[in-house]
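Model the full assembly from the supplied sequences, consistent with the hints where possible.
Each chain is listed here by its residues.
2 protein chains.
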Amino acid sequence: MKLRFELLHTDGAARCARVHLPHGVVDTPVFMPVGTYGTVKAMAPEELESLGAQIVLGNTFHLALRPGADIVALHRDGLHGFMGWERPILTDSGGFQVFSLATLRQISEQGVRFRSPVDGAEVHMSPEDSMDVQRVLRSDIAMAFDDCTAYPATEARARESMERSMRWAERGHAHYYRDAPPGHLFGIVQGGMHLPLRTASLESLLKLDWQGLALGGLAVGEPEEERLKVLEHTLPMMPADRPRYLMGVGYPQDIVAAVARGVDMFDCVMPTRHARNGHLFTSEGIVNIRNARYQRDTGPLDPVCSCNTCRRYSRAYLRHLDRCDEILGVRLGTVHNLHFYLELMRQIRAAIAAGSFAALATRIMAIPRRSAPPMA
Amino acid sequence: MKLRFELLHTDGAARCARVHLPHGVVDTPVFMPVGTYGTVKAMAPEELESLGAQIVLGNTFHLALRPGADIVALHRDGLHGFMGWERPILTDSGGFQVFSLATLRQISEQGVRFRSPVDGAEVHMSPEDSMDVQRVLRSDIAMAFDDCTAYPATEARARESMERSMRWAERGHAHYYRDAPPGHLFGIVQGGMHLPLRTASLESLLKLDWQGLALGGLAVGEPEEERLKVLEHTLPMMPADRPRYLMGVGYPQDIVAAVARGVDMFDCVMPTRHARNGHLFTSEGIVNIRNARYQRDTGPLDPVCSCNTCRRYSRAYLRHLDRCDEILGVRLGTVHNLHFYLELMRQIRAAIAAGSFAALATRIMAIPRRSAPPMA
Chain A
2 MKLRFELLHT
12 DGAARCARVH
22 LPHGVVDTPV
32 FMPVGTYGTV
42 KAMAPEELES
52 LGAQIVLGNT
62 FHLALRPGAD
72 IVALHRDGLH
82 GFMGWERPIL
92 TDSGGFQVFS
102 LATLRQISEQ
112 GVRFRSPVDG
122 AEVHMSPEDS
132 MDVQRVLRSD
142 IAMAFDDCTA
152 YPATEARARE
162 SMERSMRWAE
172 RGHAHYYRDA
182 PPGHLFGIVQ
192 GGMHLPLRTA
202 SLESLLKLDW
212 QGLALGGLAV
222 GEPEEERLKV
232 LEHTLPMMPA
242 DRPRYLMGVG
252 YPQDIVAAVA
262 RGVDMFDCVM
272 PTRHARNGHL
282 FTSEGIVNIR
292 NARYQRDTGP
302 LDPVCSCNTC
312 RRYSRAYLRH
322 LDRCDEILGV
332 RLGTVHNLHF
342 YLELMRQIRA
352 AIAAGSFAAL
362 ATRIMAIPRR
372 SAPPMA
Chain B
2 MKLRFELLHT
12 DGAARCARVH
22 LPHGVVDTPV
32 FMPVGTYGTV
42 KAMAPEELES
52 LGAQIVLGNT
62 FHLALRPGAD
72 IVALHRDGLH
82 GFMGWERPIL
92 TDSGGFQVFS
102 LATLRQISEQ
112 GVRFRSPVDG
122 AEVHMSPEDS
132 MDVQRVLRSD
142 IAMAFDDCTA
152 YPATEARARE
162 SMERSMRWAE
172 RGHAHYYRDA
182 PPGHLFGIVQ
192 GGMHLPLRTA
202 SLESLLKLDW
212 QGLALGGLAV
222 GEPEEERLKV
232 LEHTLPMMPA
242 DRPRYLMGVG
252 YPQDIVAAVA
262 RGVDMFDCVM
272 PTRHARNGHL
282 FTSEGIVNIR
292 NARYQRDTGP
302 LDPVCSCNTC
312 RRYSRAYLRH
322 LDRCDEILGV
332 RLGTVHNLHF
342 YLELMRQIRA
352 AIAAGSFAAL
362 ATRIMAIPRR
372 SAPPMA
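In order, the protein sequence lines correspond to chains A and B.
So for the first sequence, the numbering used here puts the first residue at 2; every next one is plus one.
So for the second sequence, the numbering used here puts the first residue at 2; every next one is plus one.
Be careful, since some hints might not be right.
[Said to hold, decoys possible] Output of the computed footprint for chain A on chain B, the stretches with three or more beta carbons under 8 Å from beta carbons of chain A:
| hint | stretch |
| --- | --- |
| 1 | 31-41 |
| 2 | 74-88 |
| 3 | 294-306 |
| 4 | 316-325 |
[What the hints assert, rightly or not] Sample of chain A residues facing chain B (criterion: CB under 7 Å; computed from the structure):
| hint | residue |
| --- | --- |
| 5 | H76 |
| 6 | G85 |
| 7 | R88 |
| 8 | P301 |
| 9 | R313 |
| 10 | A317 |
| 11 | C325 |
| 12 | E327 |
| 13 | I328 |
| 14 | I365 |
[Unchecked claim] Simulated DEER-style distance windows between Cβ atoms:
| hint | chain 1 | residue 1 | chain 2 | residue 2 | range |
| --- | --- | --- | --- | --- | --- |
| 15 | B | T104 | A | R364 | 30 to 40 Å |
| 16 | A | Q254 | B | T104 | 45 to 55 Å |
| 17 | A | R347 | B | R347 | 33 to 43 Å |
| 18 | B | R291 | A | Q254 | 38 to 48 Å |
| 19 | A | A74 | B | D326 | 19 to 29 Å |
| 20 | A | G222 | B | G69 | 36 to 46 Å |
Since the hints were made in silico from the structure, they are not lab data.
Computed from a predicted model, the values in this text were never measured in an experiment.
Yeah, the Cβ is synthetic: ideal placement off N, Cα and C, and Gly gets one too.
What follows is the structure, given as structure tokens:
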């Protein structure tokens, strides 16, 4: 099954498209909220829908450990029925988590053996296992199982892990397409910060028929300049007729910088995780709602924001909820932060369509990355 | 200002009425979800509205400590604007919490001095202070500040605390009505389990013009038989032309037993607190969703329930969310438990109107109080 990628507009290297998936159409550039355990933390599916989320990300590693793919499989349409989300789902392969969360890890050509961080049980995951889980989850987009290169890595280590990822990608591809798959499979370009390895990884992948390509091994702690170098080197070589997905990125400024270079898809825990820590994205920068300066502030969190949180509640109330560890505080912060990201993507798409992306990018890049300055 | 209490139907001692309050009409018998810190835990106001909640309870003690009445006062319409809830609010007086939560308590005729459980600061609360806070919160119904009698208590101790409560009630009444109040004030009958003291308390209160009367000092650990004895003794003496409120009760079976004896209003943390602990009320009894038996159970929590949780999610999903400490699990459990309570009250009102309350009561009393039996 070929993924239909309908290119609508370009503005420099930035582009707008419609991606046709089994559970619906996704407008790109798109941001995918992260739903690790079959729930975007603190949100109900109907809230995500009204925020305009078109696709969410599920974590294969986490779901394979809890509740286990066999339990998700008992539900209609896999993860969709389990979590009550009828729109598209992308699942990562578990590769990144195996390398960032699991302990006592033993890597062999066959796959990875590790201790479950949930209960200490010994678990084995191979490229074939990852594909089996993602098929059962009935993801619209499944990702290749990769050996994610740590940062920093020597050329030799980056090469070894990239080459293993390429062999695993090939095995996963054969396994995923062995009979009618529930969705599409994306390959992942690795190679760390070593540009010739990125070239080699991409060339290796392009021997097979992937429905989209991702950039992996970024957003792992590297400086922004290094990431941009990899993007500027690799993106122009990636096929223009299918989606390009930058995994795990990032701040609004990072997203805009990547869209400017031709990226179509993003995911990041930042809006949801920051909300749980009281860090709220606004047009003036990040507001730390725990700050005492908001104690008596009856104004909205962000006066130019149209989300439910900003329309109905004061900063003083949000600070109070945070201080009392009230769940509603996390909910209202998450609604706001996801609205901020999803609204940013709508603005990006509109600007590309209008040929005014550069002006939008300049405006977003001018927002301070860290805490907002004291309000007057 | 006189509270308009519109009696609609009676069925034995059970009765249906409409209580007209500044922020709207409340149908009784009514259950008031508890919103301690200006939020019914895990719920948004629009969810409470769609569940059919007509009035919520706020805690004067908690709100006076965090965020402080002065901060709530900065918001339009007090606690209504602060928490985004436009419907009626009843606030307790703080009396019960001073006696159950505060440490280093010193009671004098003037009031109570105690250490704040939030930050250890020394706080003083008098009947006048409690009225001032409740006026600022703009509660539709404010409660008299009382010295809540512990259980068990000797006759002498119960008398001393009841008599102090009566003197405080009189002071609070004068203070609340000293100029145009934002709502109505209810008195609280005390006296512990000592029936003559209950009579004396009620007689003392009836010298003043309260817009409703509550039964306090119950749901404090006494056996059910003792509580029913107090209800059966006191309720027939309480005026029939205004609301009767049983504070802090209870299980569905307790509510039905109290309605049968003439109670109109209830509040309890049970549906919300139980939800946070994975205890979910169903037509077959309480389901402990943490139980391993629900691991592979794709059926709804309660097949006869029409709430959003039961319509959209499986027991396996609810158990998974609980196991992963996901906020959505608490949310879905709270929606279900509040729906269970609010639907019970709708059924009670309909049965009283139809003259069939006894049959409903028999059915509810037959539901086991503790965990549901294993499902087939």
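- [ ] Tell me if chain A covers the stretch 31-41 of chain B under the three-residue, 8 Å CB rule, please?
- [x] Since 3 is at least three, the answer is holds.
Open item on the list: Just to be sure I understand the hint, the distance between the Cβ atoms of R291(B) and Q254(A) should be within 38 to 48 Å; is that true here?
Closed with: Once the Cβ atoms are compared, 43 Å apart, the range 38 to 48 Å for Q254(A) and R291(B) holds.
Task: chain A covers the stretch 294-306 of chain B, three or more CB atoms within 8 Å, holds or violated - done: With 3 residues in contact (Cβ-Cβ under 8 Å with chain A), the coverage given for the stretch 294-306 of chain B holds.
Open item on the list: Hint H76(A) vs chain B: min CB-CB distance below 7 Å?
Closed with: holds, 6 Å
Task: Check of the stretch 316-325 of chain B against chain A for coverage (Cβ-Cβ below 8 Å, three residues minimum) - done: Held - the stretch 316-325 of chain B has 7 residues with a Cβ nearer than 8 Å to chain A, which meets the minimum of three.
Open item on the list: Between the beta carbons of T104(B) and R364(A), is the distance compatible with 30 to 40 Å?
Closed with: At 54 Å between Cβs, range violated.
Task: Distance restraint hint 36 to 46 Å, applied to the beta-carbon atoms of G222(A) and G69(B) - done: The hint (36 to 46 Å, Cβ to Cβ) holds, given that G222(A) and G69(B) are roughly 42 Å apart.
- [ ] Identify whether the interface hint at G85(A) stands, where standing means a beta carbon of chain B within less than 7 Å of its own.
- [x] Holds: closest Cβ of chain B sits about 5 Å from G85(A), inside 7 Å.
TODO: Tell me if I365(A) is really an interface residue toward chain B, meaning its C-beta lies closer than 7 Å to one of theirs.
DONE: violated, 29 Å
TODO: Against chain B, run the beta carbon of C325(A) and see if the smallest gap drops under 7 Å.
DONE: holds, 5 Å
Task: Hint check for T104(B) and Q254(A) - Cβ pair distance inside 45 to 55 Å - done: With a Cβ separation near 49 Å, Q254(A) and T104(B) satisfy 45 to 55 Å, so the hint holds.
TODO: Three residues minimum, CB to CB under 8 Å: does the stretch 74-88 of chain B make the cut for coverage by chain A? Let me know.
DONE: Answer holds; 5 residues pass the 8 Å Cβ test.
Checked against the numbered hints listed earlier, the structure breaks hints 7, 8, 14 and 15; every other hint is satisfied.
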